[in-house]
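Q: Now for the letters of each chain:
There are 2 protein chains.
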Amino acid sequence: MKNQLYFDITLKEKAKAAFDAIYKEQNSIGYYNLVEQDISSILKYCDNISSDVKDIAVIGIGGSSLGAKAIYEFLKPVENLTRELYFFESTDPINIKNTLDSIDINKTHFLVISKSGTTVETFSIYKYILSKHANPSSYTFITDPGSDLEKYAQHIDASVLHLPENVGGRFSVLSVVGLVPLALCGIDIKALLQGAKSIKKSYFEHGYLQETLLKKSLFYAKNHAKYHINCIFAYSESLKYFCEWYVQLWGESLGKKQRHSAFNVGLTPIGLIGPKDQHSFLQLIMEGTRDKSVTFIKIDDFQEELCVIPDITLPHLESLDTLNNLAFSTLINMQCDSVIEALEKEEGIPLDSITLPKMDAHHIGSLIYYYELLTSLVGQLIDVNTYDQPGVEAAKIILKKKLAL
Amino acid sequence: MKNQLYFDITLKEKAKAAFDAIYKEQNSIGYYNLVEQDISSILKYCDNISSDVKDIAVIGIGGSSLGAKAIYEFLKPVENLTRELYFFESTDPINIKNTLDSIDINKTHFLVISKSGTTVETFSIYKYILSKHANPSSYTFITDPGSDLEKYAQHIDASVLHLPENVGGRFSVLSVVGLVPLALCGIDIKALLQGAKSIKKSYFEHGYLQETLLKKSLFYAKNHAKYHINCIFAYSESLKYFCEWYVQLWGESLGKKQRHSAFNVGLTPIGLIGPKDQHSFLQLIMEGTRDKSVTFIKIDDFQEELCVIPDITLPHLESLDTLNNLAFSTLINMQCDSVIEALEKEEGIPLDSITLPKMDAHHIGSLIYYYELLTSLVGQLIDVNTYDQPGVEAAKIILKKKLAL
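These protein sequence lines map, in sequence, to chains A and B.
Numbered according to the working numbering, the first sequence spans residues 1 to 405.
Numbered according to the working numbering, the second sequence spans residues 1 to 405.
Just to be clear, a hint being listed does not mean it is correct.
Put simply, identical chains are the same to the list, so a pair is met inside one copy or across any two.
To be verified - Subject to a maximum C-alpha distance of 27 angstroms in a straight line, what follows is the list of computed BS3-like cross-link-like pairs (lysine-lysine):
id, residue 1, residue 2
1, K345, K257
2, K2, K396
3, K24, K402
4, K298, K402
5, K240, K76
6, K222, K396
7, K402, K2
8, K97, K345
9, K190, K257
10, K2, K257
11, K190, K396
12, K44, K54
13, K97, K298
14, K400, K97
15, K358, K107
16, K226, K257
17, K298, K400
18, K197, K226
19, K257, K14
20, K400, K151
21, K257, K151
22, K16, K400
23, K401, K345
24, K257, K107
Since the hints were made in silico from the structure, they are not lab data.
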């Protein structure tokens, strides 16, 4: 994975302090060390799931589903997976019905994922599915140790897996929360963690990413009032759900009250997919208010050599012959480069580009960990608690009152 | 369709002037009058497509695909459609291959949609598909009258349909661009247009929407520097692609240089889906910078009466019994109301809510036209040319140069 910045900033004491703070956070925030975890118990658990199980369904929302979905949707088109993965992540009745229609309920293993064990969405759906399929051996529960959900699972004699300590939902994809559903579909979770580990090593052990990540986070933090919208422009349809994961990670981590002031701050994440969004959002980036940074993500090798524009001349449309014999993978990257060049010429649009050599578990693992680290650094530099989400409680309390009526 | 504003603003001369300007625009901008078009020729064209055709595939990007996709994806889960609709809208080789694998190429009718007739994405994909399936009768071309694409289509003796005059891509969903693919799938395009017409009538003929739309657009325009991010928070998974259509409409129409100043202005659209994004973006709205307005969209009747949370008590999780016997459609709307109440208590977050009585062609037609009108009004009030997109040309020119090398 390469990351090229098109802007520069001098690293001084603030960056050094942020580096030190993040270094220390490794002792208290759990996600940093997930890359070193022993996955043998996860693999053993997965081996015990019957080969009669054809589909895996996650019942979970937010941090309990977005990460696994991002990785699954990235790898599904290019890997031979052993099972399909479905997500029940909405109380929309139409969506529940459609997802249920897509699976064979008798050949599905359900993963009920809830940190607290009392998520409204998760348990309303779980009860609904339970009423259609009551066999406890078809369910595994992933929750905090000692939660009421664990007690329930033990009561019905179903499997329980524990969330690791101090790992928040949106930073949990490389824990059991993401690894179990992904491994059950045949995704190489060892490679996933190794990809993440390579980023950790590069950042913490003075690799090339240390300076890059510090510069990028310092630039975003220092300019947070000016460039408060941070777009990812990914040139791969398979990164659509990665963008959704990024939106949660960035928005929920960085939008809050400062720790040492009365200010509300926040950086707004936007996920875009190229070239489609050249025909949608690009106009706003080019000519709108100068309040956006853009990070391009490119895939070097789509492993799709045979998808080439044929050598056909269309009468009256000969000008399109310049496309002939071009691989689509070359074209899509030329489109990305053209947009980068066009935006480079404009003032006040901070750009950088990330290139993934190929579409595999290793490299999506790298990308995930890169964004987790970046989020931690920016959070530190804009003085927020990156890991809490107090703002979502108010609506939950109101809903509880409504439900009790 | 109801629209309730949670903020107020006094309508003075600026609003009157905007109303008059939009009134006059009806003579020069084509989309306003699409609701009165005669659709008999479209229906006749559709009748002539063989019943052997099982799938419809749109080859088009941006305004040529987003509108039809929004409506199709909204109606597909609730209506018995006669054909499936697919979209080739990316040069991503993995995506092209997957979409091709989903259709039966010999039972598919392809709609090649390009206003200019030379869109790079559309024609690279068209050439690729043509090399696999060369029968001209399997293709219909939708383009501007007299374009080189029309000449080509005549040359190969394929069907051509014309885009109406003065209708830009992102305002074209209620023209042949959207109506033809939708009608071919069995969607009631007459109801769609009638829904749109009811909004037009209400706005132009002093219905309840006149004051509401003027107030909302004036508020957005006057406060564009403060509230420059406009979120839709839709409580229906089926509105996901409507949000993508909105992002193009809003971003590409409103992000540009002012007509009478040297300023770059722009309002940034964001599409959110509830309750999922309560676990993602809500924290940023609640506690982040006060730069966002939020429009909630609710479905009154999901027509899914039977989807009820069963009366099950889970040992150790008895607190969740308050969910029992609740219809999911009630729950999702309670969740929406809870978030509205929570945000209402915060200062500096302008809110409004739109309620669609049910999920049908009439009401999605209403919603589409409502947003088109709102966009026109805001564009007028922030002094931009709502209907051009000069900012997307630079990257196209650079790409052309790269291709010619």
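Q: Confirm or reject each hint.
A: Against the structure, the hints:
| no. | hint | result |
| --- | --- | --- |
| 1 | K345 <-> K257 | between (35 angstroms within a copy, 16 angstroms between copies) |
| 2 | K2 <-> K396 | between (41 angstroms within a copy, 26 angstroms between copies) |
| 3 | K24 <-> K402 | neither (43 angstroms within a copy, 48 angstroms between copies) |
| 4 | K298 <-> K402 | between (47 angstroms within a copy, 18 angstroms between copies) |
| 5 | K240 <-> K76 | both (13 angstroms within a copy, 21 angstroms between copies) |
| 6 | K222 <-> K396 | neither (34 angstroms within a copy, 33 angstroms between copies) |
| 7 | K402 <-> K2 | between (50 angstroms within a copy, 23 angstroms between copies) |
| 8 | K97 <-> K345 | neither (49 angstroms within a copy, 35 angstroms between copies) |
| 9 | K190 <-> K257 | neither (37 angstroms within a copy, 50 angstroms between copies) |
| 10 | K2 <-> K257 | neither (33 angstroms within a copy, 34 angstroms between copies) |
| 11 | K190 <-> K396 | neither (37 angstroms within a copy, 41 angstroms between copies) |
| 12 | K44 <-> K54 | within (18 angstroms within a copy, 45 angstroms between copies) |
| 13 | K97 <-> K298 | between (36 angstroms within a copy, 19 angstroms between copies) |
| 14 | K400 <-> K97 | within (25 angstroms within a copy, 47 angstroms between copies) |
| 15 | K358 <-> K107 | neither (33 angstroms within a copy, 34 angstroms between copies) |
| 16 | K226 <-> K257 | both (18 angstroms within a copy, 18 angstroms between copies) |
| 17 | K298 <-> K400 | between (44 angstroms within a copy, 20 angstroms between copies) |
| 18 | K197 <-> K226 | neither (33 angstroms within a copy, 41 angstroms between copies) |
| 19 | K257 <-> K14 | within (20 angstroms within a copy, 37 angstroms between copies) |
| 20 | K400 <-> K151 | within (22 angstroms within a copy, 63 angstroms between copies) |
| 21 | K257 <-> K151 | neither (36 angstroms within a copy, 60 angstroms between copies) |
| 22 | K16 <-> K400 | neither (45 angstroms within a copy, 45 angstroms between copies) |
| 23 | K401 <-> K345 | between (54 angstroms within a copy, 16 angstroms between copies) |
| 24 | K257 <-> K107 | neither (46 angstroms within a copy, 57 angstroms between copies) |
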